[in-house]
Amino acid sequence: MTNSAAKPLSPWKASGPKKAKKRKANSDDGSVVQSLNGGWGYLFTAPFVIMFLIFGLAPVIYSVYIAFFQWDPLDFTHVYIGLDNFVRVVQDEQFWLAVRNTFSIWALSTFPQMVMAIALANVLRNPMLKFKTFWRTMLLVPNITSVLAVAIVFGQLFSRDFGLVNLAREYLGMSNHINFVSETIPGHIAIATMITWRWLGYNALIFLAAMLAVPNELYEAASIDGASSWRQFLYVTLPGIRNTITFVLVVGTIGGLQVFAEPLTLAGGESGGDSRQFSTLTLFLFEQAHMGNWGYAATIGIMITFIVLIISGINFVFTRRLGSGENVQ
Amino acid sequence: MKKLSARIAGIAIAFALPLSLVAPASAAPAAVTLTVWTYGNVIEPQAITDYKKLHPEITIQLKKSGLDAHHQSLITSFLANKTPDIAAIEVSYSGYFRSYPQYFTDLRQAPYNSASIEKNYLDWRWDQGVGYEGTVFGIPTDVGGMQVAYRPDLFKAHGLPSTRDAVGKLWPTWNAFIATGQKYQKNLTKAEKTSCTKKKVCYGFIDNAGTIYNAVLNQGTKKYYENDNTKDGKLVYGSNSQVKAAFQTTATALGSGIGTNINSFTNDWNVGMNKGIFATILAPAWMMDYIKQQAPKTKGKWDIASLPGGGGNLGGSQLSIPKSAVHKKEAWDFMSWYLSPEEQLSIFKQYGLFPSTSVLYNDPALKDFKDPFFNNAPVGQIYGSSVQTLKPIYEGKKQRAIDNIIGQALSRVGLKKQSAASAWTQAMNEIKSAVGPSK
Numbered sequence: 000m001t002n003s004a005a006k007p008l009s010p011w012k013a014s015g016p017k018k019a020k021k022r023k024a025n026s027d028d029g030s031v032v033q034s035l036n037g038g039w040g041y042l043f044t045a046p047f048v049i050m051f052l053i054f055g056l057a058p059v060i061y062s063v064y065i066a067f068f069q070w071d072p073l074d075f076t077h078v079y080i081g082l083d084n085f086v087r088v089v090q091d092e093q094f095w096l097a098v099r100n101t102f103s104i105w106a107l108s109t110f111p112q113m114v115m116a117i118a119l120a121n122v123l124r125n126p127m128l129k130f131k132t133f134w135r136t137m138l139l140v141p142n143i144t145s146v147l148a149v150a151i152v153f154g155q156l157f158s159r160d161f162g163l164v165n166l167a168r169e170y171l172g173m174s175n176h177i178n179f180v181s182e183t184i185p186g187h188i189a190i191a192t193m194i195t196w197r198w199l200g201y202n203a204l205i206f207l208a209a210m211l212a213v214p215n216e217l218y219e220a221a222s223i224d225g226a227s228s229w230r231q232f233l234y235v236t237l238p239g240i241r242n243t244i245t246f247v248l249v250v251g252t253i254g255g256l257q258v259f260a261e262p263l264t265l266a267g268g269e270s271g272g273d274s275r276q277f278s279t280l281t282l283f284l285f286e287q288a289h290m291g292n293w294g295y296a297a298t299i300g301i302m303i304t305f306i307v308l309i310i311s312g313i314n315f316v317f318t319r320r321l322g323s324g325e326n327v328q
Numbered sequence: 000m001k002k003l004s005a006r007i008a009g010i011a012i013a014f015a016l017p018l019s020l021v022a023p024a025s026a027a028p029a030a031v032t033l034t035v036w037t038y039g040n041v042i043e044p045q046a047i048t049d050y051k052k053l054h055p056e057i058t059i060q061l062k063k064s065g066l067d068a069h070h071q072s073l074i075t076s077f078l079a080n081k082t083p084d085i086a087a088i089e090v091s092y093s094g095y096f097r098s099y100p101q102y103f104t105d106l107r108q109a110p111y112n113s114a115s116i117e118k119n120y121l122d123w124r125w126d127q128g129v130g131y132e133g134t135v136f137g138i139p140t141d142v143g144g145m146q147v148a149y150r151p152d153l154f155k156a157h158g159l160p161s162t163r164d165a166v167g168k169l170w171p172t173w174n175a176f177i178a179t180g181q182k183y184q185k186n187l188t189k190a191e192k193t194s195c196t197k198k199k200v201c202y203g204f205i206d207n208a209g210t211i212y213n214a215v216l217n218q219g220t221k222k223y224y225e226n227d228n229t230k231d232g233k234l235v236y237g238s239n240s241q242v243k244a245a246f247q248t249t250a251t252a253l254g255s256g257i258g259t260n261i262n263s264f265t266n267d268w269n270v271g272m273n274k275g276i277f278a279t280i281l282a283p284a285w286m287m288d289y290i291k292q293q294a295p296k297t298k299g300k301w302d303i304a305s306l307p308g309g310g311g312n313l314g315g316s317q318l319s320i321p322k323s324a325v326h327k328k329e330a331w332d333f334m335s336w337y338l339s340p341e342e343q344l345s346i347f348k349q350y351g352l353f354p355s356t357s358v359l360y361n362d363p364a365l366k367d368f369k370d371p372f373f374n375n376a377p378v379g380q381i382y383g384s385s386v387q388t389l390k391p392i393y394e395g396k397k398q399r400a401i402d403n404i405i406g407q408a409l410s411r412v413g414l415k416k417q418s419a420a421s422a423w424t425q426a427m428n429e430i431k432s433a434v435g436p437s438k
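Just so you know, the sequences run in chain order A and B. If you're matching positions, the first sequence starts at 0 in numbering that gives the first Met the number 0 and goes up one per residue. If you're matching positions, the second sequence starts at 0 in numbering that gives the first Met the number 0 and goes up one per residue.
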């Protein structure tokens, strides 16, 4: 393949008078390629590697280091306390509460969102749909809106006495006002709504792209066999986008573990509401750092890393199963 | 020859004239950009425009953040050695920064000589800018003060006297304040009462009874820390009876149902202010401007009465010059201008930020100042008398965190999630794990 491709590229070389020269030229070419594979490679990857070392790896190492200290940022000396921070974090009710809050918000935002995104994508896939580009563009608008602006607007929508959500409920006959800022599950739903609103369109577009890649013949064959559009969706579309579903789930989980701005704004403080009901993992880390407990905050960061690793492991196993399942099919 | 030189001079003037109009800085000292980090309205925009007229060569670059975010980024800037020229420090954080005077310019020293202006300010406000080694790291901006902003029309409608003096006499103590509130609640219309029992909008005497806590605590002599002349101070939140007393007074108020449980600075609060959902707000002087901004249609419907239990305070900040500031001299020039009695007076008249310069308190310009928005209340005199009765309080290192924890506990009591006793126990445990045991 490479030989046949190389020959027509340099016919003039082959017709050259001296064979020795040609061989030399060839060896020159080889050395250029070799040096590209060697030293040059490092040079080209250097910008990323250097940036990563400075802004990625160094802070990680530093965090691990300060996790062994009682570290108030402005102090000149810091007290080495060994594993105390780790013992404390495992026993800290507030930490486990933050874990529970994070997973509750994650579950409430991820699963309804997946269903809605797939449904939306299925609507957009419809070839009869008018103004296709317009709809697809509109889907991305929530995603490019500033998180903070979203959180402030939603905070107003969900306010207890004069928020639109409660007024709408009143109009529908549910007279009692829900205190979204103080009650746990309604609050989590409010935050999940913000997250869903923000990411729904983005995920729908990803699903749409996956759906458009499903070969049309499959649909044609299915409709010849008399499958209804619902059955086509179940047996053609869904299996076709299975890998994408996993991908969206993984990305959603990583995002879900980092939920921060929404609970911060809705709760109106770093401690996450009067019963710490919005205190997510990242918010808890932030709160501790701002109390001057950098060592403890670093420890929480390490714990978050472990949680992410565990979940990534589960995801990995899950994805592999799915992948092998597809191969069998 | 003479003619020629005259002509040259003429040309020179002709060139210089427009130049001086465009850039007068060319004659004055070199142009300097001062970076100033604040939160909220510590430095009012009008002051920056005014200062530009006085000192065209100085450009003030203002960075405003949220209260917590501002102080956190300040800490980071200290660590990075890349600080602003002027930084505002709010009183809830002054206890923290007083432990670290090494990061600030000591303003006692020449050329600042803070001692020469110290006498102009309220003593307890001045102390909030003094570090633990006696260094002066900040000069006071406005003082919060604290009074009761109330709605005479709503008072009248609910069977209470409505004039300023009569209202002040209703509540010499906090218990009397709570009793007055209960009287108000009793006289709510039937519709207003059922609205609350049906879990809709609750009408109430005060926006949130939880705000009483800070008012009571600041009327005392100490809070969560005691000054033992160490860097971090001594934690006494558990043993100091004033903390528990303030907590209990507030819990009683919350339990008596006089508040609407609407939190300050929320959407509901802004709407409630306009709709007369609540009749009183415990208002520091700086809140007057907020009420004006948020509820302009209620102009003239408000009045200011004195706070139960004597004077009060909430908030207030110092301006400081970090040690690694680049333009220290220019920073000091601006600060000493902005915080001078004259300028504080003009800021008060425009924005209601109450001067911390006590020399002004007998000045007719301040004493006789009346605010039409607040039914022509003599706000200058009312707030002036309020702040002079306060005693200095030692502001502790992690006061902000402790305040937050107690605030959450009181909020749980207010929403009937927890009894006052168990909320107190939980708060004490949380404070212990957050900042350490009380001694």
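Because the hints were derived from the structure by calculation, they are not lab data. From the three backbone atoms N, C-alpha and C, an ideal C-beta is built for every residue, glycine too. Watch out, some of these pointers could steer you wrong.
[Claimed, not checked] Over 12 Å on every C-beta distance to chain B, these chain A residues come out as not near it, computed from the model:
| id | residue |
| --- | --- |
| 1 | Leu-156 |
| 2 | Gly-267 |
| 3 | Phe-305 |
[What the hints assert, rightly or not] Restraint-style ranges between C-beta atoms, simulated for each label pair:
| id | chain 1 | residue 1 | chain 2 | residue 2 | range |
| --- | --- | --- | --- | --- | --- |
| 4 | B | Ala-244 | A | Ser-311 | 44 to 54 Å |
| 5 | A | Val-86 | B | Ala-178 | 49 to 59 Å |
| 6 | A | Tyr-61 | B | Ala-178 | 55 to 65 Å |
| 7 | B | Gln-45 | A | Leu-308 | 27 to 37 Å |
| 8 | B | Lys-81 | A | His-77 | 20 to 30 Å |
| 9 | A | Tyr-61 | B | Ala-244 | 20 to 30 Å |
| 10 | B | Gly-275 | A | Tyr-64 | 53 to 63 Å |
| 11 | A | Pro-185 | B | Asn-273 | 23 to 33 Å |
| 12 | A | Leu-166 | B | Pro-110 | 55 to 65 Å |
| 13 | A | Tyr-61 | B | Lys-52 | 41 to 51 Å |
| 14 | B | Pro-110 | A | Tyr-61 | 53 to 63 Å |
[Unchecked claim] Okay, the calculated bits of chain A under chain B, using three or more residues with CB under 8 Å as the criterion:
| id | stretch |
| --- | --- |
| 15 | 167 to 175 |
| 16 | 204 to 210 |
Item to check | Indices of hints not satisfied (ascending) | outcome: Structure breaks hints 1, 2, 7, 9, 14, 16.
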